[in-house]
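So the chains spell out like this:
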Amino acid sequence: MARAKVYITLKEGILDPQGKTVLRALKSLGYDEVGDVRVGKYMVLELDGTDKARLEERLGQMTEQLLANPIIENYQMEVEI
Amino acid sequence: MRFGVVVFPGSNCDHDCHYVIKSVLGQDVDYVWHGSTDVAGYDCLVLPGGFSYGDYLRTGAVAKFSPVMKAVAKHADSGGLVIGICNGFQILLEAGLLPGAIMRNVGLKFICRFVDVRVETTSTPWTSAAHQGQVLRIPIAHNEGNYQVPPDVLVEMKRKGQIVLRYCSLEGSVLPEFNPNGATESIAGICSAGGQRAGHDAPPGARVRGRARLSGRHGDLEVAARPLRRVAARPETGEPSARRFSRPHRLFA
Chain A
1 MARAKVYITL KEGILDPQGK TVLRALKSLG YDEVGDVRVG KYMVLELDGT DKARLEERLG
61 QMTEQLLANP IIENYQMEVE I
Chain B
1001 MRFGVVVFPG SNCDHDCHYV IKSVLGQDVD YVWHGSTDVA GYDCLVLPGG FSYGDYLRTG
1061 AVAKFSPVMK AVAKHADSGG LVIGICNGFQ ILLEAGLLPG AIMRNVGLKF ICRFVDVRVE
1121 TTSTPWTSAA HQGQVLRIPI AHNEGNYQVP PDVLVEMKRK GQIVLRYCSL EGSVLPEFNP
1181 NGATESIAGI CSAGGQRAGH DAPPGARVRG RARLSGRHGD LEVAARPLRR VAARPETGEP
1241 SARRFSRPHR LFA
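Residue numbers (my numbering), protein chains in the order written: chain A, 1 to 81; chain B, 1001 to 1253.
Incorrect hints may appear among the rest.
As the list claims (entries may be wrong) - Quick list of in silico lysine to aspartate or glutamate cross-link-like pairs, DMTMM-like style, CA-CA up to 25 Å: (1) B/K1074 / A/E64; (2) B/K1070 / A/E64; (3) A/K11 / B/D1055; (4) A/K20 / B/E1185; (5) A/K41 / A/E12; (6) B/K1158 / A/D36; (7) A/K27 / A/E46; (8) A/K11 / B/E1156; (9) A/K11 / B/E1185; (10) B/K1109 / A/E12; (11) A/K20 / B/E1177; (12) A/K20 / B/D1055; (13) A/K5 / A/E78; (14) B/K1109 / A/D36; (15) A/K11 / B/D1152; (16) A/K41 / B/D1055; (17) B/K1109 / A/E73; (18) A/K5 / A/E64; (19) B/K1109 / B/D1055.
Honestly, the hints are just simulated from the structure, not real lab data. As the structure is a prediction and not an experimental result, all values here were calculated from the model.
Starting from the given sequences, assemble the full structure and let the hints guide the process.
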């Protein structure tokens, strides 16, 4: 069983309302060193198979098709065999 | 004209749409279950508002793979009319039947109130009963109504007249303070290049009562526009003018 991790973040230049709210909250708590906050998603998938290249290719398709919206989001992924 | 209202698990404005089409517009209408693969015989398909598949992952992201969506795409490709309202709009965006994407409202609040929108084009089946620049007062009720589109796509959309509605003041001025959710250039409704597919951010929930009260004439193609026009045309009731919003935003740098 392989394990895959997918990180999804909003593209640069797209305002992140959640991130801005978290940033304001941190500032109000006195964490003045925080410059910006971006909120994303982290997903863990269990995959059947041992061919890493094949799994990465399939995971890329899954991400493009469903997990992320390429219009507003970027993603990174890792597959661990 | 025959309408089909598509019902997804989690749709909750399907009955509103059915009621408006049947009782206000006086047209034939059926519910179409999301598992259906055949939409032959319908002139117009309506994707209603709600929370399809619990809004999990992203609004509309799972619904776009419902079996009915292939049939909806085929219907649209052959020139059939499709309108998505609120969550239905989000599904059309996710399915790639309309350009752009929807994000959470700036301010992170669910917004349920009346807004004013300006008709930007009357060259669509949806707004042909309105006149250019007309201000319509409609209710919105959404958490994700913040329409986003890359700048290059937006340029193309403007060139093709795909911007249908913009949030505005009571007098029709499109200004950041009248943009309730942070949508790019205050866009509230768009259509496909040919006009057959349309989507807007205003679920008909609260509007149903207004439509019902104002019924009288039978509508034709303007499932959205004609009742809206009646709403907009009612005498001034002395309602307070559009509230101003405190934070103007541009989402694409």
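Hint by hint, here is what the structure shows:
Taken as a hint, the B/K1074 and A/E64 pair is honoured in the structure, with Cα atoms around 22 Å apart against an allowance of 25 Å. In summary, the hint linking B/K1070 to A/E64 is supported, as the alpha carbons are separated by about 18 Å, within the 25 Å threshold. Restraint check: the Cα-Cα separation between A/K11 and B/D1055 comes to about 21 Å, which is no more than 25 Å; the hinted pair holds. Under the criterion of a C-alpha separation no larger than 25 Å, the hint pairing A/K20 with B/E1185 is consistent with the structure, at around 20 Å.
For the given pair, A/K41 sits about 15 Å from A/E12 by alpha-carbon distance, which is consistent with the 25 Å threshold. Between B/K1158 and A/D36 the alpha-carbon distance is near 33 Å, which puts this suggested pair outside the 25 Å criterion. Simply put, A/K27 and A/E46 have alpha-carbon atoms about 38 Å apart, too far for the 25 Å limit, and the pair is violated. Our distance criterion of 25 Å between C-alpha atoms is met by A/K11 and B/E1156, whose separation comes to about 21 Å.
Our distance criterion of 25 Å between C-alpha atoms is met by A/K11 and B/E1185, whose separation comes to about 19 Å. With a C-alpha separation of about 23 Å, the suggested pair B/K1109 and A/E12 falls inside the 25 Å cut-off, and the hint holds. A C-alpha spacing of about 19 Å is found between A/K20 and B/E1177, which places the hinted pair at or below 25 Å, so the restraint holds. With a C-alpha separation of about 22 Å, the suggested pairing of A/K20 with B/D1055 holds against the 25 Å cut-off.
Restraint check: the Cα-Cα separation between A/K5 and A/E78 comes to about 5 Å, which is no more than 25 Å; the hinted pair holds. A C-alpha spacing of about 21 Å is found between B/K1109 and A/D36, which places the hinted pair at or below 25 Å, so the restraint holds. Annotation: proposed proximity of A/K11 to B/D1152 holds, straight-line Cα distance about 15 Å (limit 25 Å). At most 25 Å may separate the alpha-carbon atoms for a hinted pair to count; A/K41 and B/D1055 meet this at roughly 15 Å.
Of the supplied pair hints, the one linking B/K1109 and A/E73 holds, its CA atoms being roughly 21 Å apart against a limit of 25 Å. The suggested pairing of A/K5 with A/E64 holds, with an alpha-carbon distance near 14 Å, which does not exceed 25 Å. The straight-line distance between the Cα atoms of B/K1109 and B/D1055 is roughly 16 Å, inside the 25 Å bound, and the hint therefore holds.
Of the numbered hints stated above, those contradicted by the structure are hints 6, 7, listed in ascending order.
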